[in-house]
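Trainee: Residue numbers (my numbering), protein chains in the order written: chain V, 1 to 307; chain U, 1 to 307; chain Y, 1 to 307; chain A, 1 to 307.
Keep in mind the hints are simulated off the structure, nothing from the lab. Don't take each hint at face value.
Said to hold, decoys possible - Residues on chain U that point at chain V, a partial pick, calculated with CB under 10 Å:
#: 1; residue: Ala96
#: 2; residue: Ser98
#: 3; residue: Arg125
#: 4; residue: Glu134
#: 5; residue: Ser143
Unchecked claim - Derived coverage of chain V by chain U (criterion: at least 3 residues anywhere in the stretch with Cβ under 8 Å from a Cβ of chain U; other residues may be distant):
#: 6; stretch: 98-105
#: 7; stretch: 118-131
Quick reminder that beta carbons are idealized off the backbone N, C-alpha and C, glycines included.
Number of protein chains: 4
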Amino acid sequence: MCRFTLYLGPPIRLESLLIDPSHSLILQSFHASEREEPLNGDGFGVGWYAPDQHQKPALFRSITPAWNNANLRSLASVVSSPCVMAHVRAASPGMAVSEANCHPFQHDRYLFMHNGSIGSFRSIRRKFISELGEEAFDSIRGSTDSEHLFAAFIDDLRSASLEDEHVLARSLNRAVWRVLALVDELGGSAASYLNLAVTDGDRAAACRFANDPGRKPESLYVIERELYQPAWKGSPGRRRDERSTSFVVSSERLTDDVTWKAVEPNHMVSICRDGSAHVFAMRPEGLVATPRGAVDGQPYSRSGSQT
Amino acid sequence: MCRFTLYLGPPIRLESLLIDPSHSLILQSFHASEREEPLNGDGFGVGWYAPDQHQKPALFRSITPAWNNANLRSLASVVSSPCVMAHVRAASPGMAVSEANCHPFQHDRYLFMHNGSIGSFRSIRRKFISELGEEAFDSIRGSTDSEHLFAAFIDDLRSASLEDEHVLARSLNRAVWRVLALVDELGGSAASYLNLAVTDGDRAAACRFANDPGRKPESLYVIERELYQPAWKGSPGRRRDERSTSFVVSSERLTDDVTWKAVEPNHMVSICRDGSAHVFAMRPEGLVATPRGAVDGQPYSRSGSQT
Amino acid sequence: MCRFTLYLGPPIRLESLLIDPSHSLILQSFHASEREEPLNGDGFGVGWYAPDQHQKPALFRSITPAWNNANLRSLASVVSSPCVMAHVRAASPGMAVSEANCHPFQHDRYLFMHNGSIGSFRSIRRKFISELGEEAFDSIRGSTDSEHLFAAFIDDLRSASLEDEHVLARSLNRAVWRVLALVDELGGSAASYLNLAVTDGDRAAACRFANDPGRKPESLYVIERELYQPAWKGSPGRRRDERSTSFVVSSERLTDDVTWKAVEPNHMVSICRDGSAHVFAMRPEGLVATPRGAVDGQPYSRSGSQT
Amino acid sequence: MCRFTLYLGPPIRLESLLIDPSHSLILQSFHASEREEPLNGDGFGVGWYAPDQHQKPALFRSITPAWNNANLRSLASVVSSPCVMAHVRAASPGMAVSEANCHPFQHDRYLFMHNGSIGSFRSIRRKFISELGEEAFDSIRGSTDSEHLFAAFIDDLRSASLEDEHVLARSLNRAVWRVLALVDELGGSAASYLNLAVTDGDRAAACRFANDPGRKPESLYVIERELYQPAWKGSPGRRRDERSTSFVVSSERLTDDVTWKAVEPNHMVSICRDGSAHVFAMRPEGLVATPRGAVDGQPYSRSGSQT
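This is chain V alone, in the form it adopts within the complex (with noise of 0.2 Å):
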C-alpha cells in the first residue's frame, strides 16, 4: 500500500528529510509500522524542484527498493530542494513494478503521488480513459490506478483557475469524486482507499481518504515547523526570499515530535504560497472549511490516536 513523504519549505538537504529521522521513509521501506504488512520494496522515487527554478522538477525513480539504493543516499547527501516528494511502494498485486509505475508521477511542472488503490480499477479503467481530455491521456505512461487518477487531476486543473489558492487541492477533491462516481457505477461500488499528495513547487494538497465502512483511511500526519532545519542536520542557510516555515506530510511520523498532527479521515490539506496551510472536509459538491481551518499549532487529533 505504499508510504510516502511531501516536504515543502525552506531548501532542506534531502537526507535530512529521508535518511536521518529516527522513523524515516527510507527505513519505512522495510520498516512500515502502521500498515500490516512492514515491507514497500517493490522500488522507489523522490521529486524535487531546485531551489531557483520551480518550473520543472527532477524526477529520480527506480525499481529497486529504496534502502539499498547507492545512487539515492548519494543524491540525498548533496541535493537540497524547497519542495521534496517522495515515495516507497508496496505494489498491488497484478500491478507491474516498473520505473513507469513508481511514484512520484510527473507531469509539467506537478508531481503527484497516491497510497492506496482504486476499489474494482480494472472495471473502470476503459471508460475512464475514454472520458480523460487529450492532455490527460496523452500523460500516462504505465498502468497503475495512480497514475490514472493523476490523469483526472491534470483534466480537472485544465478548467480551474490557477490564481486561487486551494486550487490544486479543490482539482484533487474533483479528482478524487469523479473516479468513485465511476466505481459506484461500474465497479460495484468496492472500497476505494485514496492518500494522495501533489505539488507545482510553491504549494500543494495531501488528503487522507477511504470509503470503506469497515476501514479508516490509511494513516497521514502533517506537522508545521517555524524552521524545520534546527532539529535536523546540514541544510544550507535560508535566503531572504524563502519560506520561514515548513510543512511535512508523512504516511507515518518521521521523528517523536508530539507536534505531529494526524489528518482527520477524509479531510484535505492545502499548504499556501504563503506558508499557511488549511483544512477542509471532502465532500463530492466540494472542500468544505472546518472550524478548526487551519493547521495552526492546536493538534486536532493527537498523535497516537488517528482518528
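Following the hints, complete the assembly by docking chains U, Y and A onto the known chain V.
Mentor: Same frame as chain V, now just chains U, Y and A:
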C-alpha cells in the same frame, strides 16, 4: 527500428541461434548492417518454449543492451528450445525504455514481436483502444505501438478457427489492415513499417510490410534447413517426435549461407506444424497464395538484392 | 543473513521448487521465519544445470527482490533441471548490492552459496587474497566475504581427488578451517556463520556451521524423497538414467512435511552421485563420520527443535 | 574505451554541459567520432558537487546506456554544479558491467575517471594490490583497472602536501608511473592508455597519455571561457565568490567552438583554485613545466590535428 530472429525446428541451444552465428542478433544489437543506424541498444527480449510444453513460453526481457547482459549469455549457453523469438530494440523517439516495452510480448501461449512503427500512432491510439475487446484491452501492459498491434491480433484470433493451419498468418494480416484503416481515417495515412512475427510454439507467421511509397520495408530473411544444427554447434540430439526441418526468420541474415532468401515486400510467411512453410501476398481482403507458394529451396528473391 | 535452497534429483520445474511450496524461498525473500529480520530483498540468484549437460550451469542473478521479478517467475514456469541452487540475499552492512555480489557464485562447473558471514572479514582479506592460487584469485569478481570463501574452496579443489565421492564436502571443510585460522590470527577470533552449499551438478555438499559460543548456527534442513515431485506439481517425466531419489537442502523448511530434518550444528551433508547422502562432523583435521552417517529416514534431529 | 567530460567553473546546469552541446557526451555515448568504435553504451556515471559544499560529491551511476536513461535526463535538467565529471563507458573485454565498475569513482571528496586501459593489468594486479596502503586497498569496490589506478592516486595523496596547488596533478603523475613500472616488471611492458581526470571539487587535473610506440593517446581537449554559459542555456546567475572562468576537459570537442585545444600527448593539465590552468609534460621523475605553461588562449595545438 529494432532487429529480430524467430526459430522453429528441433530444439536448439539458444547460443547456437543468438550468439554463435557470424552475424548473430547479439552482434546486430550494436552492428546491424541493413539499417542506417547500426545500434539496437534499448533493451532486448528472448521468449522460448520448453521442449515438452508449448502451452506457455518463458520470457526474459531486460532494459540493458543485449551485448553485455551476463544473464542472457549464461541462459543461452544452457537452455534449448524448439521455438525461440529474440528481439533487440531501438526505441522510437518518445517510447519509454522499460521491460514492459521490450519485445517479444506474450499473451497466453502466444509470442509477438515487431520491427518498425505504426504511422501517426498517437493519433489513432484512443479510438484503437476503444474498439478492442476486453481480453485484448486487458492484455496491454506497456505503451508501445507494437503491443497495441499485438492486441489487435489477439482480438482477431478470438473469432478465428484455431484448426486452420494458417490461422496465425490470417489473423496477423487482418490486424495489420485494421490498424492501417485507422491510420487512414485519423492519422493522415502516415506510412507504417510492419515487420512482424507471431508464434504459438508450434507454428508461426512473419511478415515484411510497409506502405511507404518512397521506401521499401525493413529487411527480412528466411532460411530452411533439413536439420539446422549441423552447421552450428551444441544442440542436443533430436527425438523421434521432433521436426526434421527448421526455419529461421530474421531481420538480417545470420550467416553467409547462400540459401537465405529475402521475404518479398508485403508478403507473409506461414510456418505450419507439419514443417512446411507457405508464402502469401498481404491484401486488405485477405492473404493471397503466390505462385511460389512454398519456401521450397528456389530462392524467390536473391539475397543481396532485397526486392 | 540470506536464505537458500539446493535441489538434487530428477529434473524438477523450477517453480515447483522455488514458488509453489507453502513456505517457498520466494516467500522467504520477504517473510523468512527463522531469522530475526524476515527480509531478504537485496537481490537473488538461481543457478541450474541442463538435464543433458552438467559441464556448465546457467546463472540468473538480479539486484531486484525475488518476489517481484517477472523474469524469474517466467523462467521458473518453464525451465526444468536436475540440480538447482537458489538464494535470496540480505546484504551485510557495507557489502554492495550488485549482480556480482549475488549468490550463487559460479566457477567452471561449480556453484556455491552462503548464508552468514566471515568474522572480521576486512581484517583478513588482504592476507587471504595474497595466499590464494592464481586461478582462485582470478575467479573473484565481486567484493563479498562469501565469494572469497568460494575461492578458498576452488583453491583446495585443485589439489583434491575428484574421484573421491566426498571431494566437495572435504574441500569445503578445509576451506572453512583455512579461513577460520586466518580469523583467529588477524581478526580477533570474531565469530563466523558459515551455512554453505556447493555442487558440480552431479553431487553436492552443504554445511551448517558457526563458532559463536553464544549463538547457534543459522537454521538448515534437509529432506530426502523417493521421488520428490508427486507432492508437488508439474515436472516432466523421469528418464531411465535419472536419479530416483531427490534431496532438498534449505535454510527453512519449504513445506509442512514432517520428514524435514535439521542439520546438526557444525555438520556437513554430502550427497553422492549414486543418490546416497552422508553426514559428517566438521573438524579442523577433517570430516568425521557420524554414527548416523547417512540421511536415512531416521530423523537425527527433530524438526521444530533445531539442535 | 570510453569518453569523458570534466567541468570546473561557475555553476552550470548539467544539461547545458551534458545534453545541449551539438556533440555532447550523451551523443558520444552512441556516436563518438574520434574512436574507431562509436559506441559507449556499457553504463555511465555523473559526479558533481553542490554549489555550497565541496566536501563530498554526489554520484549517479547506471549500467544502462546514457542515451535512454530517464533519470539522468531529469536530473540534468534541474541540478546545477560548479564541478562536474561525466563518463560513458565502453567496457573492456572481460570487465563486468556493474555500477561499481562505472566511472567516475569516488573516495572522500575526490572523483576520478579514466578512458583507456592499463597494459596487461591481470599480470600486475596481485602485486599492485599487495603494495597498496590500507586506505587505498579498502577503497576498491569493483574490478576495473581504472579503479585500481585511482587507488594508487589515493595512496600517493596521503603523503602529498594538499597545500600545493598542483597536488592532484603531481599525485596523478606519480600514480601513472608507479603503475607503468609494474607493467614493465610483470606485464611485458604492454602498452597503456591513460587519459585520466581527477578533482576535489575546487581544482582538477587531467592527462592525455599513452606509451604505445605505434599509436597516439586517445583524444583529449580543453577549452577555457571567460564565462562558459552565455553560449549555452539555462544556468543560474553567478554569485560573487564564484569563478569567472570555466574549463571543460573532454575526450571529444563538445561544440564547434574554434578555441578547443588538443592536449598534447603525455601532458597533464592542472586547473587551480584561482581559475588558472597550467600544462606539464609527464615524466617519471615528475611534472615538467612547458614553455607554454598555461592554457592561455594561444592554441598550443590546433584542433583537428591532435598532435
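Trainee: Next step is simple, just say for each hint if it's right about the structure.
Mentor: Here is what the structure says about each hint:
The beta carbon of Ala96(U) is positioned within 10 Å of a beta carbon in chain V (closest approach about 6 Å), and the interface hint is therefore held. Annotation: interface hint on Ser98(U) holds; nearest CB of chain V at approximately 5 Å, less than 10 Å. Contact between Arg125(U) and chain V, as hinted, is supported at the beta carbon level, the nearest pair being about 8 Å apart and thus within 10 Å. Because the closest C-beta pair between Glu134(U) and chain V is about 8 Å apart, less than 10 Å, the hint holds.
Restraint check, Ser143(U) versus chain V: the minimum CB separation of about 6 Å is within 10 Å; hint holds. Counting residues of the stretch 98-105 of chain V whose beta-carbon sits less than 8 Å from any beta-carbon of chain U gives 3, enough to reach three: the coverage restraint holds. For the stretch 118-131 of chain V, the stated coverage by chain U is satisfied: 4 residues place a CB nearer than 8 Å to a CB of that chain, which reaches the threshold of 3.
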